[in-house]
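Quick mapping for you: the protein sequence lines, in order, are chains E and Z.
Residues in the first sequence are numbered from 4 upward in steps of one, following my numbering.
Residues in the second sequence are numbered from 423 upward in steps of one, following my numbering.
Honestly, the hints are just simulated from the structure, not real lab data.
Just so you know, not all the hints are guaranteed correct.
In silico lysine-lysine, DSS-like type, Cα no more than 30 Å apart, as pairs [as the list claims (entries may be wrong)]:
| id | chain 1 | residue 1 | chain 2 | residue 2 |
| --- | --- | --- | --- | --- |
| 1 | Z | 598 | E | 15 |
| 2 | Z | 471 | Z | 720 |
| 3 | E | 49 | E | 16 |
| 4 | Z | 700 | E | 331 |
| 5 | Z | 641 | Z | 611 |
| 6 | E | 49 | E | 331 |
| 7 | E | 11 | E | 331 |
| 8 | Z | 623 | E | 11 |
| 9 | Z | 613 | Z | 623 |
| 10 | E | 200 | Z | 531 |
| 11 | Z | 471 | E | 128 |
| 12 | E | 15 | E | 200 |
| 13 | Z | 700 | Z | 732 |
| 14 | E | 10 | E | 174 |
| 15 | E | 16 | E | 200 |
| 16 | E | 312 | E | 15 |
| 17 | E | 174 | E | 200 |
| 18 | E | 331 | Z | 598 |
| 19 | Z | 532 | E | 200 |
| 20 | Z | 547 | E | 200 |
| 21 | Z | 720 | E | 331 |
| 22 | Z | 598 | Z | 720 |
| 23 | E | 200 | Z | 533 |
| 24 | Z | 598 | Z | 623 |
| 25 | E | 200 | E | 49 |
| 26 | Z | 623 | Z | 533 |
| 27 | Z | 641 | Z | 734 |
| 28 | E | 128 | Z | 487 |
| 29 | Z | 471 | Z | 700 |
| 30 | Z | 613 | Z | 598 |
| 31 | Z | 611 | Z | 487 |
| 32 | Z | 602 | Z | 613 |
| 33 | Z | 547 | Z | 532 |
From a predicted model like this one, the values you see are computed outputs, not experimental measurements.
The primary structure of each chain is shown beneath.
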Amino acid sequence: MKDERLKKLLLKKEFLSVVMIVLFSAVFGAVNPAFFTVVNLYDLLKVCSYPAIFACGVMIVLINGGVDFSFLWVGMFSAYSASKLFSILQAQHGFTAPLILIYAVCVLIGAILGSFNATFVSGFKVPVFITTLSSANIFMGIMFQFIGSEYIFPEQMPARMIAFSNTVFLKTASGVGLHVSVAVAAAVMVLVHFIMKYTLMGRSVYALGGDIAATERIGFNLNRVRLFVYMLAGGIGGLAGGIGVSNIQVANPYDFQGREMTIIAAVVIGGARITGGSGSVAGVALGVLLTNILSQNLVLIGVPPEYNKFVFGLLIIFAAAVQAVQEKFERERR
Amino acid sequence: MSEPVIEVAGINKAFSGNRVLNNIDLAVHSGEVVCLCGENGCGKSSLIKIISGVYSSDAGSISIKGVNYPSLTAPQSINAGIQVIYQDFSVFRNLTVAENISLSYRVQKKKWFINYDFNRALARKALALIGANLDADEEIERLSVAEKQLVAIARAIVQDASLVIMDEPTTAITQKEIEKLFAVIRGLKEKGIAVMFVSHKLDEIAAICDRIVIMRNGKKVVDSPVADFETERIAYYMTGQEVSETPFEYIPAGGRPMLEVENAARSGEFESVSFSVKPGEILAITGQLGSGRTELAKSLFGLAPIQSGKIKIEGRETRIASIKDAFANGIAYLPEDRLGEGLFLNRSLGENFSSAIIDSMAGPLGLIREKRFEELSARWMEELNMSRKPYTTPASDYSGGNQQRIVLGKWLAARPRIFILNCPTVGVDVKSKSEIHEIMKRLARQGLSIIMISDDIGEIISTSNRVVIMNAGRVTLEAETNGITADEISRRILADAPRHGETE
Numbered sequence: 004m005k006d007e008r009l010k011k012l013l014l015k016k017e018f019l020s021v022v023m024i025v026l027f028s029a030v031f032g033a034v035n036p037a038f039f040t041v042v043n044l045y046d047l048l049k050v051c052s053y054p055a056i057f058a059c060g061v062m063i064v065l066i067n068g069g070v071d072f073s074f075l076w077v078g079m080f081s082a083y084s085a086s087k088l089f090s091i092l093q094a095q096h097g098f099t100a101p102l103i104l105i106y107a108v109c110v111l112i113g114a115i116l117g118s119f120n121a122t123f124v125s126g127f128k129v130p131v132f133i134t135t136l137s138s139a140n141i142f143m144g145i146m147f148q149f150i151g152s153e154y155i156f157p158e159q160m161p162a163r164m165i166a167f168s169n170t171v172f173l174k175t176a177s178g179v180g181l182h183v184s185v186a187v188a189a190a191v192m193v194l195v196h197f198i199m200k201y202t203l204m205g206r207s208v209y210a211l212g213g214d215i216a217a218t219e220r221i222g223f224n225l226n227r228v229r230l231f232v233y234m235l236a237g238g239i240g241g242l243a244g245g246i247g248v249s250n251i252q253v254a255n256p257y258d259f260q261g262r263e264m265t266i267i268a269a270v271v272i273g274g275a276r277i278t279g280g281s282g283s284v285a286g287v288a289l290g291v292l293l294t295n296i297l298s299q300n301l302v303l304i305g306v307p308p309e310y311n312k313f314v315f316g317l318l319i320i321f322a323a324a325v326q327a328v329q330e331k332f333e334r335e336r337r
Numbered sequence: 423m424s425e426p427v428i429e430v431a432g433i434n435k436a437f438s439g440n441r442v443l444n445n446i447d448l449a450v451h452s453g454e455v456v457c458l459c460g461e462n463g464c465g466k467s468s469l470i471k472i473i474s475g476v477y478s479s480d481a482g483s484i485s486i487k488g489v490n491y492p493s494l495t496a497p498q499s500i501n502a503g504i505q506v507i508y509q510d511f512s513v514f515r516n517l518t519v520a521e522n523i524s525l526s527y528r529v530q531k532k533k534w535f536i537n538y539d540f541n542r543a544l545a546r547k548a549l550a551l552i553g554a555n556l557d558a559d560e561e562i563e564r565l566s567v568a569e570k571q572l573v574a575i576a577r578a579i580v581q582d583a584s585l586v587i588m589d590e591p592t593t594a595i596t597q598k599e600i601e602k603l604f605a606v607i608r609g610l611k612e613k614g615i616a617v618m619f620v621s622h623k624l625d626e627i628a629a630i631c632d633r634i635v636i637m638r639n640g641k642k643v644v645d646s647p648v649a650d651f652e653t654e655r656i657a658y659y660m661t662g663q664e665v666s667e668t669p670f671e672y673i674p675a676g677g678r679p680m681l682e683v684e685n686a687a688r689s690g691e692f693e694s695v696s697f698s699v700k701p702g703e704i705l706a707i708t709g710q711l712g713s714g715r716t717e718l719a720k721s722l723f724g725l726a727p728i729q730s731g732k733i734k735i736e737g738r739e740t741r742i743a744s745i746k747d748a749f750a751n752g753i754a755y756l757p758e759d760r761l762g763e764g765l766f767l768n769r770s771l772g773e774n775f776s777s778a779i780i781d782s783m784a785g786p787l788g789l790i791r792e793k794r795f796e797e798l799s800a801r802w803m804e805e806l807n808m809s810r811k812p813y814t815t816p817a818s819d820y821s822g823g824n825q826q827r828i829v830l831g832k833w834l835a836a837r838p839r840i841f842i843l844n845c846p847t848v849g850v851d852v853k854s855k856s857e858i859h860e861i862m863k864r865l866a867r868q869g870l871s872i873i874m875i876s877d878d879i880g881e882i883i884s885t886s887n888r889v890v891i892m893n894a895g896r897v898t899l900e901a902e903t904n905g906i907t908a909d910e911i912s913r914r915i916l917a918d919a920p921r922h923g924e925t926e
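With the rest of the complex left out, here is chain E:
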């Protein structure tokens, strides 16, 4: 019985990332005692915040059965457009947009872009990764052509976004606080967890990732489920972009570029199956933590920064291998 429970734990998809977080933290902590300080923890959480929001969107699409490559451009498109709109309103009409409005616009633009993805996937039956690779380029092109490509500097940025980026809470005695974007990320994760686990729409996403024909047969409208998936993921991507731009305090169109793989890797390491049908917010949180602990601290154990990508590659292969072994083990248990 105890043996059985141990096996179940070992087979838990989130188990791998917990073990690796503990392991790497021990190593980094041993090399540099400053690793285990509140300041470092707060710093780590801040770095994780908007990637974690992006990762939630990626997870939803992955559960539905596809890898999204467009999420960073959805995020940047939404954030840059909103920043530009409200910076112009601020400079020319003296309108200081409230934060909630700015982020609502980000979410809205993201959801609209997501609906394009849904249309392509449903309408033309194109594989998700091809659709989203193309749409990433389309979004990028439209943005550069019609919205802009120049930096928006801190002094031009909407004032509330800059103020927001300077907000901290849970201050320690020495005056260091936890960045507010961490709270936003936590709220998004709780919301996504609720939607995916406790609503019929959320469960339909898992169902579709498990078996498309069966989903249709029990009466779900596949196009509606896909629209839900991509609009939700798009909205989340838009918000992540907004938070990211505010954290950096500059709207730089190239800022997120090239980070797709680390975020997708975080989701996969957190246990979401690459072939769809499984994945959890807890796993995503763990995966994002793990990847950021590594990228922040590898230099501590003597890995030069230029090897970061190499180590990440190894890590993804390792995570995929562990998943494969777990699945094989599961099959043999039957």
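Place chain Z on chain E using the hints.
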């Protein structure tokens, strides 16, 4: 009789001018078990799809429990109590038993928020109703095929089914599980639920069905109580022609056995298995799923080699540790799961036929020569009695029976001396089945040694000359088929395991 659960009249359906259903009238009453049979392409799937609202009919009327539906949609059909259990069961591998059973209920009742305790309670109630003992929290992935089927039935019941349509429910489950399924069906019947049962197996039809409906070329050709129907005539009604199978007659040619297996064992799968096959023989190996028959066949093909014992080929002791070894010794294997293991569905006929002998398709420079594909395909289409199509036609364009022939041709092209066929006629229609049997008999007469693994007792008696019955990893009987009755074989297959003195 009471008002029918469903009554269809004058149903017609055509696809691009091709008429698949021709004036079908059919009524099913509550508590009735109706068997629907017909060859592939006879229109039974289209009829099921019309009843379940997936297709709309071109003409005719559908009424469910007295209500007329001029254009029945899928949700209407579900809400009216029509449930289809497809061959793949349409269960979600990644969700739990409880969620699989409750999800469609939630969709139907539009319950937007999920309560997991409610899911579990609903699932347990439904499972208890059909007498299935399953853990509601187990993931479907970990269940056996028969257990998945029970989940699908429980799911149908939860949605207040009054007619459950089961599409070939017995092809993938063992004899014992079939008996359990029949008990479940009898339970449904007692509750007044009608069952439409698609099957071709005569013993099953006689055992469980009240009425038999046979379709051919889009027409209903038989609608009769099973008691008044000569079940032996089923093949005639399904094909429209007399399909007579002459029992296989082995002509001893003398000489030593082609294959001898002595005391072969593989731990946990089978042990002390001995038998031999002579050229020109067809040896049947049967037993329940899990009796070790498939494992034995796979080990002879080098997929999971034997751990002790001997294999002799033409009297010479031979080690078969890999597929390559098997191949070098002229052993071919037709897998049970032809789609998963035998056929390249998206590849052409030529590529499929040549896949075991691809080296011989190459010219002097080692480059593939297209012309050889064409010659090879022409030859095997002819030998296997397939309708002529260009060699570039993808295998997916063929029906189940023809696909099985393609896999047969692929191995025959390699000129094997020993051919192991694992359930060669599962899921193929009656006509193809008898043609595959004829092909096997012809090959045996040409001197091939054939080992056929089969569940179908009729098939064993009519196509093999000797039968080996396995139970719990051991051979429990070896007999000439002309000296044994079907009942005896069936009794031996289902006998309790010799070692444990217990089953399951």
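A quick look at each hint next to the structure:
1. Taking the CA atoms of residue 598 of chain Z and residue 15 of chain E, the gap is about 34 Å. The hint is violated against a cut of 30 Å.
2. Between residue 471 of chain Z and residue 720 of chain Z the CA atoms are separated by roughly 38 Å; this puts the pair beyond 30 Å, and the hint is violated.
3. For a cut-off of 30 Å, the pair hint linking residue 49 of chain E to residue 16 of chain E stands: about 25 Å separates their Cα positions.
4. For the proposed pair residue 700 of chain Z and residue 331 of chain E, the alpha carbon gap of about 39 Å is over 30 Å, so the pair is violated.
5. Under the criterion of a C-alpha separation no larger than 30 Å, the hint pairing residue 641 of chain Z with residue 611 of chain Z is consistent with the structure, at around 27 Å.
6. For the suggested pair residue 49 of chain E and residue 331 of chain E, the alpha carbons sit about 37 Å apart, so the restraint of at most 30 Å is broken.
7. With a CA separation close to 14 Å, the supplied pair residue 11 of chain E and residue 331 of chain E stays within the 30 Å bound.
8. For the suggested pair residue 623 of chain Z and residue 11 of chain E, the alpha carbons sit about 41 Å apart, so the restraint of at most 30 Å is broken.
9. For the suggested pair residue 613 of chain Z and residue 623 of chain Z, the alpha carbons sit about 25 Å apart, so the restraint of at most 30 Å is met.
10. For the hint linking residue 200 of chain E to residue 531 of chain Z, the alpha-carbon distance of about 18 Å falls within 30 Å, and the restraint holds.
11. Among the hinted pairs, residue 471 of chain Z with residue 128 of chain E is consistent with the structure: their alpha-carbon atoms are about 23 Å apart, no more than 30 Å.
12. Taking the CA atoms of residue 15 of chain E and residue 200 of chain E, the gap is near 17 Å; set against the 30 Å cutoff, the hint holds.
13. The suggested pairing of residue 700 of chain Z with residue 732 of chain Z holds, with an alpha-carbon distance near 17 Å, which does not exceed 30 Å.
14. This hinted pair does not check out: residue 10 of chain E and residue 174 of chain E have alpha carbons roughly 41 Å apart, beyond 30 Å.
15. The hinted pair formed by residue 16 of chain E and residue 200 of chain E meets the criterion: a straight-line CA distance of about 16 Å does not exceed 30 Å.
16. Simply put, residue 312 of chain E and residue 15 of chain E have alpha-carbon atoms about 27 Å apart, close enough for the 30 Å limit, and the pair holds.
17. Distance hint between residue 174 of chain E and residue 200 of chain E is unfulfilled; the C-alpha atoms sit about 33 Å from each other, more than 30 Å.
18. Distance hint between residue 331 of chain E and residue 598 of chain Z is fulfilled; the C-alpha atoms sit about 28 Å from each other, no more than 30 Å.
19. Pair hint residue 532 of chain Z plus residue 200 of chain E holds up; C-alpha atoms about 16 Å apart against a cutoff of 30 Å.
20. With a C-alpha separation of about 23 Å, the suggested pairing of residue 547 of chain Z with residue 200 of chain E holds against the 30 Å cut-off.
21. Proposed proximity of residue 720 of chain Z and residue 331 of chain E is supported: the alpha carbons are some 20 Å apart, at most 30 Å.
22. With a CA separation close to 23 Å, the supplied pair residue 598 of chain Z and residue 720 of chain Z stays within the 30 Å bound.
23. For the given pair, residue 200 of chain E sits about 14 Å from residue 533 of chain Z by alpha-carbon distance, which is consistent with the 30 Å threshold.
24. This hinted pair checks out: residue 598 of chain Z and residue 623 of chain Z have alpha carbons roughly 15 Å apart, not beyond 30 Å.
25. Using a Cα cut-off of 30 Å, the hinted pair residue 200 of chain E and residue 49 of chain E holds, with the two alpha carbons roughly 26 Å apart.
26. A threshold of 30 Å between alpha carbons decides the hint, and for residue 623 of chain Z with residue 533 of chain Z the separation of about 41 Å lies outside it, so the pair is violated.
27. Of the pairs offered as hints, the one joining residue 641 of chain Z and residue 734 of chain Z is violated, with about 53 Å between alpha carbons and a cut-off of 30 Å exceeded.
28. Using a Cα cut-off of 30 Å, the hinted pair residue 128 of chain E and residue 487 of chain Z is violated, with the two alpha carbons roughly 39 Å apart.
29. With a C-alpha separation of about 48 Å, the suggested pair residue 471 of chain Z and residue 700 of chain Z falls outside the 30 Å cut-off, and the hint is violated.
30. Between residue 613 of chain Z and residue 598 of chain Z, the direct Cα distance comes to roughly 23 Å. Compliance with the 30 Å bound is thereby established for this hinted pair.
31. Restraint check for residue 611 of chain Z and residue 487 of chain Z: satisfied, since their Cα atoms lie roughly 17 Å apart, inside the 30 Å limit.
32. Using a Cα cut-off of 30 Å, the hinted pair residue 602 of chain Z and residue 613 of chain Z holds, with the two alpha carbons roughly 17 Å apart.
33. About 20 Å separates the Cα atoms of residue 547 of chain Z and residue 532 of chain Z, which keeps this hinted pair within 30 Å; it holds.
Going through the hint list in order, the structure does not satisfy hints 1, 2, 4, 6, 8, 14, 17, 26, 27, 28, 29.
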